[in-house]
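A.B. asks: Sequence:
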Amino acid sequence: MAAKIERSVSEFNNELKLKGFNVWQIESDSNATKTYSRKDFYKICLTSGRSVIHYADRSFEQEGTVLFFGNPHVPYSWETLSTTYVGYTCLFSEDFVKHSNRSESLQQSPLFKIGGTPLLKITEPQRLFLNGIFRKMMEEQQTDYQYKDDLIRNYINLIIHEALKLQPSEQMDKQKNALSRITSVFLELLERQFPVETPDRPLTLKSANDYAKALAIHVNYLNKAVKETTGKSTTTHISERIAREAKALLQHTDWNVAEIAYALGFEYPTYFNNFFKKLTGSNPSAFREAVI
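Each step along the sequence shown adds one to the number in full-length UniProt numbering, with nothing skipped, and position 272 is 272.
If you are wondering where the hints come from, they were derived from the structure by calculation, not from laboratory data.
All C-beta atoms in this analysis are idealised placements derived from N, C-alpha and C, irrespective of residue type, glycine included.
Incorrect hints may appear among the rest.
[Stated by the list, open to error] Computed cross-link-like contacts, DSSO-like style, restricted to lysine-lysine with a CA-CA straight-line distance of at most 27 Å:
hint, residue 1, residue 2
1, K232, K206
2, K277, K247
3, K43, K165
4, K213, K227
5, K278, K232
[Claimed, not checked] Between beta-carbon pairs, the in silico distance windows are:
hint, residue 1, residue 2, range
6, K213, E61, 37 to 43 Å
7, S180, S77, 29 to 35 Å
8, E162, S233, 34 to 40 Å
9, S233, E61, 42 to 48 Å
10, K278, E188, 25 to 31 Å
11, Y85, D210, 50 to 56 Å
12, K227, T143, 46 to 52 Å
13, I217, E61, 31 to 37 Å
14, N209, K165, 32 to 38 Å
15, G132, F60, 22 to 28 Å
16, H161, K224, 20 to 26 Å
Taking the hints into account, I'd like the entire structure generated from these sequences.
C.D. replies: Now the structure itself:
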């Protein structure tokens, strides 16, 4: 009997690696779900029962029907508390679901990414609808249809899109909060560059790209966060803060214009002159004469 189970487990894993996909009904599962390599496969579970799900550094105790999204890059475990536990599971590799080269990375989805929303409560009508999709995938998995992989990919994407629609307000709130946090960190980092205390140590963070690299995020994400939160672009915030510092240096130090330009990260004084005039309407020398 043990040899038979071992063979069935081996067959399951070989098939999973070869096809990049498998779906089954939880009631009929024995040992197969306990043996696949988690680091290779994403997981979607539709389950009814009582359980505790540990995901990264969080735990969720759930009763009723839930839809769970497991990321191979995020550690998770599942404790079943019910005497009866029913539902469906599907596993798939990122290569399988991105075969058409039209899908963005799953890791960017709020359902799969770290700090995202891996667990959704499901109503009875939603459960019945999703049950139907899982059953269609199970049926298609057994056919010889030439394009069944494309069809299964469509079913997976349908589940993902239905999940994204379930809690749109919560998703938008989370996105808004994330953008606000990024903006706050950016503004704090920007302010920490000042005051400039010596012309021998010029600014090193001068552009949106510089700040994005310092914050280890993509510059497009930083720009989106700052613009949506403050109404101003990242570049505008940086330029305005440099201009304020330039005014202070012109007014309160005896550094010449070339020294101020270098201290603020400008390679040539003419670049600084053009920058200052564009933002203030006056050139640096005229500004200094007017305020001193």
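A.B. asks: Hint by hint, note whether the structure agrees.
C.D. replies: Verification of the hints:
1. Taking the CA atoms of K232 and K206, the gap is near 17 Å; set against the 27 Å cutoff, the hint holds.
2. At roughly 11 Å between alpha-carbon atoms, K277 and K247 fall within 27 Å of each other, so this suggested pair holds.
3. Proximity of K43 to K165 is assessed by CA-CA distance (about 19 Å); at most 27 Å being required, the pair is judged to hold.
4. Distance restraint check for K213 and K227: the Cα-Cα separation of roughly 18 Å lies within the 27 Å cut-off, and the hinted pair is therefore satisfied.
5. At roughly 17 Å between alpha-carbon atoms, K278 and K232 fall within 27 Å of each other, so this suggested pair holds.
6. Separated by about 40 Å at the C-beta atoms, K213 and E61 satisfy the suggested range of 37 to 43 Å.
7. Under the hint 29 to 35 Å, the C-beta atoms of S180 and S77, about 32 Å apart, fit the expected range.
8. Checked against the hint of 34 to 40 Å, the pair E162 and S233 passes, with Cβ atoms roughly 36 Å apart.
9. Taken as a hint, the range 42 to 48 Å holds for the pair S233 and E61, whose Cβ atoms sit roughly 44 Å apart.
10. Against the hinted window of 25 to 31 Å, the Cβ-Cβ separation of K278 and E188 comes to about 26 Å, which satisfies the hint.
11. Range check, Y85 to D210: about 52 Å between beta-carbon atoms, so the 50 to 56 Å window is met.
12. Look at K227 against T143: about 49 Å separates their beta carbons, and that is inside 46 to 52 Å.
13. A hinted range of 31 to 37 Å for the beta carbons of I217 and E61 is consistent with their spacing of about 33 Å.
14. Distance hint check for N209 and K165: the Cβ-Cβ separation is about 35 Å, which falls inside the suggested range of 32 to 38 Å.
15. Evaluation of the 22 to 28 Å hint for G132 and F60 yields a pass: the beta carbon distance comes to about 25 Å.
16. The given range of 20 to 26 Å is respected by H161 and K224, whose C-beta atoms sit roughly 22 Å from each other.
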